[in-house]
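With the hints as your guide, set chain B onto chain A.
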Amino acid sequence: MATFLSRIFKYGWQSFSRGKWLSVATLVVIVLALVVFESLIVFTVITKTSLSLLQDKIDISVYFKPKTNEDAILKIKKAIEALPETASVEYVSREKALALFKETHKNDVAISQALQELNDNPLSPVLNIKAQKPDQYAMIAEELERESWQSITQKITYRQNQTIIDRLSKIIDITNRVGLILTILLTLTAIVITFNTVSLAIYSNREEIGIMRLVGAPNSLISGPYMVEGIIYGVIGAIISLLLFWPAVYWGAPYLKYFLTDLDLRAYFSTHFLSLIGYQLIFGIALGVISSNFAIQKYLKI
Amino acid sequence: MISFTNVGKKYKNGSTSVALEDINLKIETGEFVTLVGKSGAGKSTLVKLIIGEEQPTCGKIMVAGQNVGVMRSKDLPTLRRKLGVVFQDFRLLPKKTVHENVAFAMEVAGRPEHEIIEVVPQVLDMVGLAERANHFPSQLSGGEKQRVAIARAMINRPMVIIADEPTGNLDPVNTWEIIKLLTKINELGTTIILATHSKDIVNALGKRVVSIDKGRVVRDEKNGRYILH
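First to last, the protein sequences are chains A and B.
Everything in the first sequence is counted per the numbering used here, starting at 1 for the first residue and increasing by one.
Everything in the second sequence is counted per the numbering used here, starting at 303 for the first residue and increasing by one.
Hint data in this document are derived by calculation from the structure and do not stem from the laboratory.
Please read all numbers here as calculations on a predicted model, not as lab measurements.
The C-beta atom is built at its ideal place from N, Cα and C for all residues, glycine as well.
Don't take every hint at face value.
Said to hold, decoys possible - Partner residues are not named here, just some residues of chain B that face chain A (Cβ under 8 Å, in silico):
id	residue
1	Arg383
2	Pro396
3	Lys397
4	Glu415
5	Ile418
6	Ile419
The shape of chain A in the complex, shown without the other chains (with noise of 0.2 Å):
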């Protein structure tokens, strides 16, 4: 067994390295290929970010009535927060507030001295919610609205900005079922064209095929040498595509950074390094392996 399988990588080996510019187009198909299923990553990865940095900005604040007890509106931040579509819910107490206001205009003399000359403090308790997906914030806001709370509650800021909330759920969905859709295409580009080159290199291949056969040799000593090749190619494939990919993301990353300043990409591929490079072999090695497999079946039948 030991001896068959060193002959199959033995004659894997040879056909790749002696095909000279059948293997050298069959690899630069799959690096082709490779470098799409990289694209596609960091696509997504900047895709999440910009439309979670998108989510970030939208929230409903409830704004209470300034005497409100304090008991009242913490029961009301526990129910809102037992409901499954709440992701978090913060209370910022009328003297946070101030002091949060304080804080934001403290060069403003303006409003310090009039401030100052305030007895008492103006500003309301709020509850500042966020939902777990954006299209949730109008049950939210029918929950907030219930007919108990009205009589406490001063303003929820949902109506005014439904909106531009229901604008932001739109255009979240729709990139994420764009990005889906464009995965999903490059991907089956990728297989397609790879699957087609390999069975064009089997295809040139088929008289020698037909001689293994004419001196006896057993299909899976045919068919072997062409997995252990797809194998090749795939590591290689992925060693290369990563390669160009890695300058290209170092060099493109500081401008990407001007739009969304929370994407560090160096970061992510740095501290990815070893997951992206395992997915890579992956697709690359199955890439390779399944197309040879799928070519090779119709050689086989004597």
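The following block gives chain B in isolation, referenced to the frame of chain A:
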């Protein structure tokens, strides 16, 4: 060792064409048999039937005790390892060197590495290609390529070597080199079936001649001559 009993072969390509009809033939161990006939007479079809590349339409073909006509495709490689085949167009593996081409037949048969290292140079020496062991087929002349094909055919010491027009692409000097080589292999005990339409070769050999015409055996003579009308 090889027998044909009422064998027929028809091809269906829109209309039916008869390639072989009512073939009854017996080839014994150690014989040197020449199959003669014009192009299209059915010689190559006969060779293809022996190695299981084609299935007969009717009749029975026995090779080394096995009925090739009803053999399952997964059993064919085992049969082919017992046969050596040489073709007019050499059929060498272009990406393998001379040594690797010959060694491939042994590797396919599952022979151990040390045996391959020992036997391949001996056989290459016998066919006069020891110096060319590391050359690729594209670097060889036609005669050299055919000698590699013969070395590959004989490396597993097959019971029979089937040569289908092995000299068809060769000049006279190389032609006689190949015939001499086949004769030598036959003297060592291997059965040879040589399909050819070369009158000179057949007459010079003076071995058993099976003449085929329009898909039928029209003459079968020991120490025969090339006679076709």
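Structure-based check of all given hints:
1. Arg383: 4 Å, holds
2. Pro396: 7 Å, holds
3. Lys397: Hint holds; Lys397 (chain B) Cβ to chain A Cβ min 4 Å, cut 8 Å.
4. Glu415: The hint holds - Glu415 (chain B) has a Cβ within 8 Å of chain A, the shortest such distance being about 7 Å.
5. Ile418: Violated - the Cβ of Ile418 (chain B) stays beyond 8 Å from chain A, reaching only about 10 Å at its closest.
6. Ile419: Ile419 (chain B) check fails; min Cβ-Cβ to chain A is 13 Å, beyond 8 Å.
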